[in-house]
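Protein chains: 2
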Amino acid sequence: MPTASTRVPQQERSRATQARLLEATVECLVEHGWSGTTTTVVAARAGVSRGAQLHHYPTKAALVTAAVTHLTERRAVELRTEAAALPAGPRRLDRVVDLLAAAFTGPLFVAALELWVAARTDAELRDALVPLEARVGREMHRLTVELLGVDERRPGVREAVQATLDLLRGLGVANLLSDDSARRAALLHTWKRQLAALLTPDAGPPTPGSARPH
Amino acid sequence: MPTASTRVPQQERSRATQARLLEATVECLVEHGWSGTTTTVVAARAGVSRGAQLHHYPTKAALVTAAVTHLTERRAVELRTEAAALPAGPRRLDRVVDLLAAAFTGPLFVAALELWVAARTDAELRDALVPLEARVGREMHRLTVELLGVDERRPGVREAVQATLDLLRGLGVANLLSDDSARRAALLHTWKRQLAALLTPDAGPPTPGSARPH
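Heads up: the sequence lines are chains C and E, in that order.
UniProt numbering applies: residue 1 is where the first sequence begins, and numbers increase by one.
UniProt numbering applies: residue 1 is where the second sequence begins, and numbers increase by one.
Rather than coming from a laboratory, the hints here were simulated on the basis of the structure.
Certain hints may be false.
[What the hints assert, rightly or not] Not the full set, but computed from the structure, chain E residues with beta-carbon under 7 angstroms of chain C: (1) 14; (2) 17; (3) 19; (4) 23; (5) 41; (6) 121.
[What the hints assert, rightly or not] Label pairs and their computed distance ranges (CB to CB): (7) E:80 x C:146: 39 to 47 angstroms; (8) C:155 x E:154: 47 to 55 angstroms; (9) C:9 x E:106: 32 to 40 angstroms; (10) E:88 x C:98: 38 to 46 angstroms; (11) E:185 x C:78: 30 to 38 angstroms; (12) E:88 x C:36: 47 to 55 angstroms; (13) C:98 x E:78: 33 to 41 angstroms; (14) E:135 x C:87: 39 to 47 angstroms.
Idealized CB from N, CA, C, for every residue including glycine.
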């Protein structure tokens, strides 16, 4: 039986190996796409033996699913840290939207989109991803509510947060092949004003009952 | 030299062959994805000889680009026809958004997304798609302005139309792996009210100058 002193370093080595494999997987997906990402290429890139790689992640589906889970969690921690450093005040919402927009145009979004699209026509990957997609969606929603510091029990807040995330997903796709940053910045400039109005208790969106006749 | 009477039927046959190839291409992309779509599979599905297929579309990039162009144009005609049948009045905007949402969750969107994602890591396809993406984006914007019957010279209208299309693109991606229609319907219900307010001259979005202090 290993002693406590040998067991801990081995666990640490395992975790470090796993982390290297998962980072290399996302890098591969970004550089080569789903079809260009093979477990062999990932192991080589991570500097991990094929045996160790198969020990931790026996299939490509297991590897890519673990990679997106791991990096989504890490990205959430980073977003919380970045948001904690933001000044309070009316400009905070703008900065939070900018942080989220950066996440939806960054490498993790690109890697996830490669998987989402591939999973459409790959039954094994699809089975692995559908529960993950639901979980990531819920966590992203909760994170956004937290970063914006809003109360979801208020009418309209949940819908405004959802629309923001769906809009950002659309903007992420629009940025895939060409630099869409100028158009995105202008569009988000307007969206931030709308979102502020939707999230402010005394300046909510117009409802059918309150709309002026026209 | 062919006479006028033989030339016309041959042109018609060519057009029919092309149309069959382009429909089969989109069907293949939807069913098998980018990597499962080969020119051989498309020719077989269309019932067109390999020679005829190569004559019309010598490369896979040429075939898929032509397919998305052709079907986007056809879809635009269909959307105009469907929109022309809509009753005037306050519910028209809701129905136009529903038509657009159906387009962004339909087979053509799925096929286009396969290409957009594949083009990220395929230089030949990327070169072919970047100009097409810009053109499709502009035409979709113009079509939406036309279907909504709004005047883009009014402040805020252009941004509201853009946000609607980016939101719908995001909703299209959210629908890739699982049926997102219930969540989408609820979200669009709210969005339609916001969009109506943004597009109505006397009930525009709040601007920084008009926002109440808080």
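We went through each hint and held it up to the structure:
1. 14: violated (31 angstroms)
2. 17: violated (27 angstroms)
3. 19: violated (24 angstroms)
4. 23: violated (19 angstroms)
5. 41: violated (13 angstroms)
6. 121: With a minimum Cβ separation of about 4 angstroms from chain C (threshold 7 angstroms), the hint on residue 121 of chain E holds.
7. E:80 x C:146: 39 to 47 angstroms: holds (44 angstroms)
8. C:155 x E:154: 47 to 55 angstroms: Between residue 155 of chain C and residue 154 of chain E, where Cβ atoms are some 29 angstroms apart, the hint is violated.
9. C:9 x E:106: 32 to 40 angstroms: This hint is violated: roughly 55 angstroms between Cβ atoms.
10. E:88 x C:98: 38 to 46 angstroms: About 40 angstroms separates the Cβ atoms of residue 88 of chain E and residue 98 of chain C, which means 38 to 46 angstroms holds.
11. E:185 x C:78: 30 to 38 angstroms: Check passed, 34 angstroms falls within 30 to 38 angstroms.
12. E:88 x C:36: 47 to 55 angstroms: The hinted range 47 to 55 angstroms holds for residue 88 of chain E and residue 36 of chain C, with Cβ atoms some 52 angstroms apart.
13. C:98 x E:78: 33 to 41 angstroms: holds (38 angstroms)
14. E:135 x C:87: 39 to 47 angstroms: Roughly 42 angstroms apart at Cβ, these two residues keep to the hinted range, so it holds.
When held up to the earlier numbered hints, the structure conflicts with 1, 2, 3, 4, 5, 8, 9 and fits the remainder.
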